[in-house]
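Protein sequence lines, in the order shown, are assigned to chains S and Z. Start counting the first sequence at 69; every next residue gets the next number (this note's numbering). Start counting the second sequence at 911; every next residue gets the next number (this note's numbering).
Note that these hints are calculated values from the structure, not bench results. Treat the hints loosely; a few may be bogus.
With a straight-line Cα cutoff of 25 Å, these simulated SDA-like cross-link-like pairs (lysine to any residue) come out [stated by the list, open to error]:
| # | chain 1 | residue 1 | chain 2 | residue 2 |
| --- | --- | --- | --- | --- |
| 1 | S | Lys202 | Z | Met957 |
| 2 | S | Lys121 | Z | Thr1159 |
| 3 | Z | Lys1111 | S | Leu73 |
| 4 | Z | Lys1185 | Z | Ala1004 |
| 5 | S | Lys202 | Z | Pro976 |
| 6 | S | Lys156 | Z | Leu944 |
| 7 | S | Lys202 | Z | Glu965 |
| 8 | S | Lys202 | Z | Asp1158 |
| 9 | S | Lys156 | Z | Ala947 |
| 10 | Z | Lys997 | Z | Phe985 |
FRET-style restraints, in silico, Cβ to Cβ [as the list claims (entries may be wrong)]:
| # | chain 1 | residue 1 | chain 2 | residue 2 | range |
| --- | --- | --- | --- | --- | --- |
| 11 | S | Arg72 | Z | Phe1181 | 40 to 46 Å |
| 12 | S | Leu266 | Z | Gln1155 | 41 to 47 Å |
| 13 | Z | Thr1058 | S | Glu115 | 25 to 31 Å |
| 14 | S | Thr103 | Z | Thr1107 | 49 to 55 Å |
Every residue gets a Cβ at the ideal spot worked out from N, C-alpha and C, and that includes glycine.
What follows is the residue order along each chain.
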Amino acid sequence: MNARLLPYVLILPVTLFLCLFFLYPFVLVAKQAFTTGAGATLDNFREVVSYWKFPISLRNTLLLAVAVVPIQLALSLLMATMVTRMEKGRDMVLYIWTIPLGISDLAAGLIWLAIFEQSGFLNSMLHGVGIVDKPVNLLTFQNPGIVFVAIMLAEIWRATAIMLVILVAGIGLIPKEYYEAAEVFGASPWKRFLRITLPMLRPSLQTALVLRVIMAFEVFAVVAALGGTLFPVLMGETYAYQFDLLNSGAAAAMALIILAISIAATLVILRALRVPKRATI
Amino acid sequence: MAAPVPHPDKEPDAAPAASTRSAGRLLYLAGVILLCAWVLVPIYFLMINTLSAPETVNSFPKPFFPEFDLGSLQFFAGFAGMLAALKNSILVAALTMIMSIAIGSPAGYALSRFDFPGKELFRLLILLTRAFPLPLLALPLAVMFIQTGLDDTQFGLALVHTTLALPFAVLITFSLFSGIPIELEEAAWTLGCTRLTAFTKVVLPLILPGITASAIFAFVISWNEVFAAAVLTIENRTLTAFLLQSLDTPPLHLKFAGGFILVVPALIFIFAVRKYLFAMWGIANR
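Produce the complete structure using the sequences and hints provided.
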């Protein structure tokens, strides 16, 4: 076959597939969001935004992202630096730490439900040390704080691994010479982390944060398992519009709102952590 | 006269330094163990619930050791629709795996071997998919699938899951192919191979383990996906969609057994691809 044509033949299937199942659906969802039976309108947006649950679910989603992502960033950086210093058992520790990467958000929600439900392990432990004498129902509307903490813990537990993997791979790409030189000049480990690891890791931090923040706005199954209707989030409301209220126009409008927030967050992260031109490794 | 004590304060200093170092070492070790426990203990709790009798799962206080009773799992297997959902999950994930590798790896090969006009645009399209909350695609596709008769089929859902897995498949195979020197292929050409036979006889055997790893990765992406599965299937629910639906309804032991069944393949698969995990993710994400 003609060597000039070959690459195009090879990328054709992916391009067609993504046009049909990625670009085209976005056109469709936009059309659905901006039209009702009577033609082009913003009614769908007005409807979802004015619904009483909208401000709550928006606030909950953002609050969860703000509470969870910085902790995960710190934790994954800590874990990544710990692992790079490790000599023995590195593979085993990395395997264990990356297990949550393969675990569904629904399964993660159920795992933490086993801990927080009324006859669950947290109550059993509290009972064992004598703090409570009968099981307390923790995940109720009287305890919004505990519901939030449970969801937070489940999210941190589930999605730190994805950042860890990206950061470990990124640290692996930093040339060892930089550290050796810094050591010769007497830089402390902390200083080396601040002056070499963090700046050199910027591209990986960028990707890790973008992926993680988008995931945070999509949070759904963990919340469904732990909070149910106690903790409305944007994605859950979208699902409710589609299924319980059978209003696909409103669901499409919600989808576009989530999309807009995700794009805005992506741009902010890319801008904040931008890599100077020609400054790559 | 000062000669016998050149470093008068060396001895008293060395001991605290060594003890700080070993204290730091201990702290480090404790941290590693603590973080391992943080990952493993919640899974262990779920396992206790799964391997205990239904009565135990609903009782209080909970035992901290499993009693190895298969009652909960038997209940899970006997629950109406559950085994069908499990079968659907496996089928959808297998279809996703096959499609994403079949469609994605040629593009990965093209990206690693050729420079062609439009390459950057193509890469942009792939990277673009990463910045979007893809499960939301299920909403418009639900309408499209009804029009084309794909609604509520395993194949329709597999198409959406392939969209999720495809960018990874392209970028991972791209990095895998880039790891194989083109000289090997060129040598095969001079020895009388065509492009195709050089590929099948030289490149493919080298790359097969990596391809398997990225196929497994695609499988896991599909196996774990909740939102699109719940939106696009009604009769043919996958395991995740089925469990999501049964969240509001007791019994507890059904949920936990189901959750455990969701976790087990993930444990095995991550173990199987652990060698490739960092190469795949690290490079695929840059």
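To see whether the hints hold, each was checked on the structure:
As the CA atoms of lysine 202/S and methionine 957/Z are separated by approximately 24 Å, the hinted pair is consistent with the 25 Å bound. Proposed proximity of lysine 121/S and threonine 1159/Z is supported: the alpha carbons are some 23 Å apart, at most 25 Å. Only pairs whose Cα atoms come within 25 Å are accepted, and lysine 1111/Z paired with leucine 73/S is accepted, the gap being roughly 23 Å. With a CA separation close to 22 Å, the supplied pair lysine 1185/Z and alanine 1004/Z stays within the 25 Å bound.
For the proposed pair lysine 202/S and proline 976/Z, the alpha carbon gap of about 22 Å is at most 25 Å, so the pair holds. The hinted pair formed by lysine 156/S and leucine 944/Z meets the criterion: a straight-line CA distance of about 17 Å does not exceed 25 Å. Restraint check for lysine 202/S and glutamate 965/Z: the C-alpha separation of about 18 Å stays at or below 25 Å, so the hint holds. This hinted pair checks out: lysine 202/S and aspartate 1158/Z have alpha carbons roughly 24 Å apart, not beyond 25 Å.
Under the criterion of a C-alpha separation no larger than 25 Å, the hint pairing lysine 156/S with alanine 947/Z is consistent with the structure, at around 18 Å. This hinted pair checks out: lysine 997/Z and phenylalanine 985/Z have alpha carbons roughly 17 Å apart, not beyond 25 Å. Checked against the hint of 40 to 46 Å, the pair arginine 72/S and phenylalanine 1181/Z passes, with Cβ atoms roughly 43 Å apart. In this structure the supplied range 41 to 47 Å holds for leucine 266/S paired with glutamine 1155/Z, their Cβ-Cβ distance being about 45 Å.
Between threonine 1058/Z and glutamate 115/S the CB atoms are about 29 Å apart, so this pair conforms to the stated range of 25 to 31 Å. One distance hint, 49 to 55 Å for the beta-carbon pair threonine 103/S and threonine 1107/Z, holds here, with the actual separation near 54 Å.
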